[in-house]
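Chemist: Chains as they are written, first to last, in the working numbering: chain A, 1 to 112; chain B, 1 to 117.
Possibly wrong hints are sitting among the right ones.
[To be verified] Computed cross-link-like contacts, DSS-like style, restricted to lysine-lysine with a CA-CA straight-line distance of at most 30 Å:
id, chain 1, residue 1, chain 2, residue 2
1, A, K42, B, K17
2, A, K42, B, K11
3, B, K17, A, K71
Simulated from the structure, these hints should not be mistaken for laboratory data. Owing to the predicted nature of the structure, the values given are computational and were not obtained by experimental measurement.
Okay, here's what each chain looks like letter by letter:
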Amino acid sequence: GESVGLHLPTLSVQEGDNSIINCAYSNSASDYFIWYKQESGKGPQFIIDIRSNMDKRQGQRVTVLLNKTVKHLSLQIAATQPGDSAVYFCAERVAAGNKLTFGGGTRVLVKP
Amino acid sequence: GAGVSQSPSNKVTEKGKDVELRCDPISGHTALYWYRQSLGQGLEFLIYFQGNSAPDKSGLPSDRFSAERTGGSVSTLTIQRTQQEDSAVYLCASSAGRGRPRGETQYFGPGTRLLVL
């Protein structure tokens, strides 16, 4: 079936630099997207979300960009800190549905 | 409570035994979800409850898996005759539900780590 596709690279980032995590999705019927951060041994922690009627949303140090033309979602983390080291998942929800379909995750390692 | 809680945090069982996993959602949240996360993998949807509506069971992998939600709050996920491939982290999430501000945002608990020997 259609699903969010997120290859599982490891992104190494120097402390203080910006991080960009990318996600491709294939279901054009998805109307809601969300990013989670998961630290080892913990449940996913909500970071930021965006509805399909928007193309950009900002939070504290994070920005989510949505490009519906190419079905691409990204998470930008400004001034990456050691505490940002974790696995990041994107997820989508099909319109009128409820369940989230998750990508495989990207590990972010912040180097001091 | 302040967040979603799950118990037990860890469970080791023998193949063939039944297990029950518990989830306490955020107070006032009407929607509750169960997901499964295998080692190093993303999350796999299992089941969804919304208020008094019939649950969406489309993600349950077999009839050995079942879940109930009593009184619109606490939920129990039951796995009967456990198999080694059931070993995973079982995560529960809740959201405020339809018609509520940001009602679709799902907040996760810490998970139950199940190991079937």
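Chemist: None of the hints should be skipped; say for each whether it holds.
Modeler: Cross-check of the supplied hints:
| no. | hint | result |
| --- | --- | --- |
| 1 | A:K42 x B:K17 | 26 Å, holds |
| 2 | A:K42 x B:K11 | 15 Å, holds |
| 3 | B:K17 x A:K71 | 44 Å, violated |
Consistency with the previously given hints fails for number 3 only.
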